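Participant: We have chain P already, so just place chain C on it with the hints.
Protein chains: 2
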Amino acid sequence: MMSDNKNFVKEITNIEEDFAKWYTDIVLKAELADYTAVKGFITIRPYGYAIWENIQKYADEKFKEHGVQNIAMPVLIPESLLQKEKDHVEGFAPEVAWVTIGGGEELEERLCVRPTSETIFSTMYSKWLNSWRDLPYKYNQWCNVLRWEKETRPFLRSREFLWQEGHTIHETAKEAEDFTLEMLEVYADVIENLLAIPVLKGRKTPTEQFAGAEATYTVETLMHDGRALQAGTSHYFGQNFTKPFDIKFQNREGKEEYAYQTSWGISTRLIGAVIMAHGDNRGLKLPPRVAPIQVVIVPVAMHKEGVKEKAEELKNILSKKYRVELDVREQYSPGYKFNDWEMRGVPVRIEIGPRDIEANKCVVVRRDNLEKIEVNLDELSEKLNDILENIQANMYNECAKRAKEKTTIANNLEEFIENLNKNQGYVKTMWCGSEECEEKIHELTGAKSRCIPFNQEKIGDKCVCCGKPADKMVVWGRQY
Amino acid sequence: MMSDNKNFVKEITNIEEDFAKWYTDIVLKAELADYTAVKGFITIRPYGYAIWENIQKYADEKFKEHGVQNIAMPVLIPESLLQKEKDHVEGFAPEVAWVTIGGGEELEERLCVRPTSETIFSTMYSKWLNSWRDLPYKYNQWCNVLRWEKETRPFLRSREFLWQEGHTIHETAKEAEDFTLEMLEVYADVIENLLAIPVLKGRKTPTEQFAGAEATYTVETLMHDGRALQAGTSHYFGQNFTKPFDIKFQNREGKEEYAYQTSWGISTRLIGAVIMAHGDNRGLKLPPRVAPIQVVIVPVAMHKEGVKEKAEELKNILSKKYRVELDVREQYSPGYKFNDWEMRGVPVRIEIGPRDIEANKCVVVRRDNLEKIEVNLDELSEKLNDILENIQANMYNECAKRAKEKTTIANNLEEFIENLNKNQGYVKTMWCGSEECEEKIHELTGAKSRCIPFNQEKIGDKCVCCGKPADKMVVWGRQY
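As they're listed, the protein sequences go chains P and C.
Under our numbering, residue 498 is the last one in the first sequence; the count climbs by one each step, no gaps.
Under our numbering, residue 498 is the last one in the second sequence; the count climbs by one each step, no gaps.
Isolated chain P, as found in the complex (with noise of 0.2 Å):
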C-alpha cells in the first residue's frame, strides 16, 4: 500500500520545484476544471463549481443584507455604448470578442460579449432614473464575462469567467464612496472567514485603477510562492459614467443632478486562490466552510461483516450537520482512497475498521496538519465541530503567518531587489505618488503595486524610488 500511496502523490509536481506545474496537476487531478476544444476557455468541473456556489451562496446573503437586489443584463454591448466612456473603451476594447453575425445575416453594428457590464447598466439606469425618491438602485448579477486574455491559466485568468459585477447609483458622492468601501468589507469578509485567507485592505495607485474609475479599493492576498494576487475590486466612479450616459435626477431642492456610482466584482478566480493559497505537496487543501465535501468516511477492511453498514449508519447521522461522501469503491484499496481525498483536500477524513466498531471508536484524520485522533462514535458528530472549526482557523493563521513572514520593507531599490529575489512576497515602501517611479519599480523589479493600505505605517519619509518627499505607504509585489 506505501508503494500505492508514493506513486499517487508522485503524479504532482513538487509545490517548491514548480509552482505553475504544480498548480495546473491540482486544476486537473482534482477535477476542479478541465481545458476545452476552444482555447482559452475551461469548464468549470462539479467539485470546483461546487466551491464557486459556497462562495455565490455566502456572498450573495451579505450583498442581499446590504440592501443589494439580483438582475440580469444583456450579455452582448453594442459598440457604440462601449465608446461612450473614453477611458473604459480604451481599457476593454482592445480585448474583447465581437459577435458580428446574427440569425445568418451581418449586423449592422457589431456587439460585444461583455467584459464587464457598465456600459448596459448605465443606459438603463438613465432610463430609470427620476427622482431622488427612486435612489439607490443597488443591482447585482451573476454572470460570465468575456476578456481575450493573451495568455491564459484556468480560474487565474480565462478568457471566459464567471463572476458577480455590482452596480449601484446613489444621491450623494458620499453615500455612493461610503458603498464601495462597505462592498470591499464584504469581498474581505468573504475570503477571510469563508476562505480562510487573510486579505490585505487599500486602494489601488492611479495607475491600477479600473478603466474609468475615480477610485479603486482592492483585497489582496499572498500566494504560497509568495506572489499577489487581487483577489476582488470595488470602484467608486463618481459621475464618471453618470454625464455621458446622461443619468440624472432631480434631487431634493427640485433640480437635476447627475447620480454618483459604484462596481464592485469578485469571480471564479477566488477558486484559484483557495487552491495557491492553501495547497501543498499532497494537493488541495480546503477550508472546511467552503468545501463542497467537509468529511469523507473510508471503510477499512470493508467487506468483513458490519463494517460497511456502520460506514453508512455514520454517514446518515453526520449528513445531518456535515457535507459528507462515503467511500465504498470496490476497485481501489483504502489506501489509495486516502490519498486521492487528501489530494482532493477534504478537511476530514474518518476511518473506521472492524476493530473500531468493537472498541465504538473511529480515527479522525486532519487535512490541514495530518494529526490522527481517535474519537468514540457517540461524540463524534459534536466533536467534528470543534475539529472544523480548528481546521478553518489554523489555515487562516497559517496563511497570516506566511504573510508575516513574507512581508518585508525597503528603503531603497536594492533593498526591494534583495527583499523580493529572497522572499516574493509584499515589500513595503514609501512613495512619492509619481507616475514614473512606480514604472521604474516595475521595469526594475518586476512588481507592481498592490494597493496603498488604509492602514498607513511611517516607515520613512522618502520615496524609494527617486529619494524624494514621500508621505504615502505601499505595498507592493508581484502578482498573478
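FYI, nobody ran anything at the bench for these hints, they're computed from the structure.
Quick caveat, the model's predicted, so the values are computed rather than measured.
One should not assume that every hint holds.
Given that identical chains are not distinguished, each listed pair holds provided it fits within a single copy or across any two copies.
To be verified - Calculated lysine-lysine pairs in the DSS-like style (CA-CA distance at most 30 Å, straight line):
no.: 1; residue 1: 355; residue 2: 39
no.: 2; residue 1: 75; residue 2: 339
no.: 3; residue 1: 156; residue 2: 57
no.: 4; residue 1: 82; residue 2: 401
no.: 5; residue 1: 80; residue 2: 338
no.: 6; residue 1: 102; residue 2: 47
no.: 7; residue 1: 390; residue 2: 476
no.: 8; residue 1: 82; residue 2: 326
no.: 9; residue 1: 266; residue 2: 355
Facilitator: Relative to the frame of chain P, chain C by itself:
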C-alpha cells in the same frame, strides 16, 4: 381615492380586448423586465429576477435530490463542433450569433454563442469517460443562451434567455430513458406545485422533437387566452450524439460501448407562463410560493400616532415566516398603494389603521379573489399560513378549471376548427401518425400538436384529418 384607482387600472390594457398588449403592459409596469439598447434582448429587473431565483432554488434542490451536479461549460462553441450531429446543426445553425473577432484579430474558426450545449458537453464526456464505473454523469448548468429569433417577446421569446440545461450520459438505454422521464416529473412538480399551473404530460410527435433527439417529452400549459405554452422539455438521445462524439466506455463485459444520453431544460419563459396563466385586469397575480413578496403591509392614516410603529412591529414579526414588504412611501395615498401592489401581484395585502390598532386587528385582502378578512393581530402570523396555502391551491384550481373548460374533442377537421375558434384551448383528436396530416392540420387550423399524452383515452379510431385508422390520441393547440 376611487378615481385614483380607476386611472391606475386604466393604464393596463383590458385582458379580454388585447391579450398581447395586456401582457406587455404587465411586464413593463410591474417592473419584471425592460427593453434594452440591443434589439430582442431584455433586462430582467429585480422583481422578475427574484421570481427566477425562487424557481432556481426549488428546481436546483430537486435536481440535487436526483444526483445532479452543477457545472459550467464555455459560452462559445466552435463551428466544427456544432456540425458534428447533422440534425442538430440543421436545427440550430440558422439562429445562432457568431463571434468572428477576438482580441482585435479575426478568428481562424468562428465561434457561436451557445444556443444549447449538447455538443460541448459531448466533447467533454468523450474526454472523461472510460469505464462503466464512471457512469452515470448527471450534470447541469444554469446559464444564458442565445437564439436569434425574428420576432421576440419578453420572457416568451428573447434572443437571449436564462435557463438550466441538464445533460446526462448513462450505461444503458433504459436507465437514460427512465432518467429523461424522472426529470420531466421534476418539471411537472416545479410548474404545478411552485407555479400553480397544471401541466399536460406527454411525448412530442416526431416533427416537434428537439433537433437530434430520439424522443422529446414535454410539459404543456394553457394560458389565460387559451393558447398553449410549452413549459419544459426532456430529451432522450439514444446514441445519436455519443456515436459522432465518440463517447464510449468499457462495459461490464469488457467491451467498448457508446453511452446513452439525455438533456432537459426549463427557462425564464416560465416567468411568462406565470404572468399569462394567472394575471387579470388588475395586473399580475403571483402564487404565494414563488412570489418575491408574499405579504405587503399598507398602513392607513400613516401619520396618526403609533400607526407606523405598529406596522413596523408587524413587519418584524411576520418577516420571520414570510417575505414581507412594508409600504411607507410618503408620496402615495393608501388607495394608490392598494392598486400598485395588486398590479404587482402580491398575494396578500394587510391594511392597518388607527381603528384597527385600537381593536387589535387588521384587514387581510387576498389578491386571488379580493376577499377581505378581519384578523386578530395575535393570530395573524399563524392564520397567514393557511391563507397563503389556500391562495396557492385556489390559483391552481382556477387554472385547472379553465384547462378543463377549454379542452374539447374533435372527430373531424370542421369540429376541430369550430372548437378552436370558439375556445382556443386544447383539442383532443385521434391521429394516424403521419407527418402529412400534422402539417395539414397546422395549415388549416394554426394549431400544432402539443403532445401525445401519457394518459391516452380512446375517443375514436379514425384520424381526425385523413380518416384512416388511428390508435394515438393527440392534443393540439395554438401556441406561444
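Participant: Which holds for residue 82 with residue 401 at a C-alpha limit of 30 Å: within a copy, between copies, both or neither?
Facilitator: Result: close only across copies, 28 Å inter versus 33 Å intra.
Participant: At 30 Å max between alpha carbons, let me know whether residue 82 reaches residue 326 within a copy, between copies, both or neither.
Facilitator: For residue 82 and residue 326, only the inter-copy Cα distance (24 Å) is at most 30 Å; the intra-copy one is 43 Å.
Participant: Pop the pair residue 266 and residue 355 into one bin, within, between, both or neither, using alpha-carbon distances up to 30 Å.
Facilitator: For residue 266 and residue 355, the Cα distance is within 30 Å only across copies (26 Å; inside one copy 61 Å).
Participant: Between residue 156 and residue 57, at a C-alpha cutoff of 30 Å, which is it: within one copy, between copies, both, or neither?
Facilitator: For residue 156 and residue 57, only the inter-copy Cα distance (25 Å) is at most 30 Å; the intra-copy one is 35 Å.
Participant: My question is about residue 75 and residue 339: at a cut-off of 30 Å on alpha-carbon distance, are they close within one copy, between copies, both, or neither?
Facilitator: Intra 17 Å, inter 20 Å, cutoff 30 Å: intra and inter.
Participant: Evaluate residue 390 and residue 476 at a C-alpha cut-off of 30 Å and name the case that applies: within, between, both or neither.
Facilitator: Neither way: residue 390 and residue 476 sit 46 Å apart in one copy and 68 Å across, limit 30 Å.
Participant: Within a copy, between copies, both or neither: where do residue 80 and residue 338 come within 30 Å Cα-Cα?
Facilitator: both (25 Å within a copy, 18 Å between copies)
Participant: Are the CA atoms of residue 355 and residue 39 at most 30 Å apart within a copy, between copies, both, or neither?
Facilitator: within (23 Å within a copy, 62 Å between copies)
Participant: Quick one: residue 102 to residue 47, C-alpha cut-off 30 Å, is that within a copy, between copies, both, or neither?
Facilitator: Only across copies: residue 102 and residue 47 sit 29 Å apart there, 45 Å inside one copy, limit 30 Å.
Violated hint: 7 only; the structure is consistent with all others.
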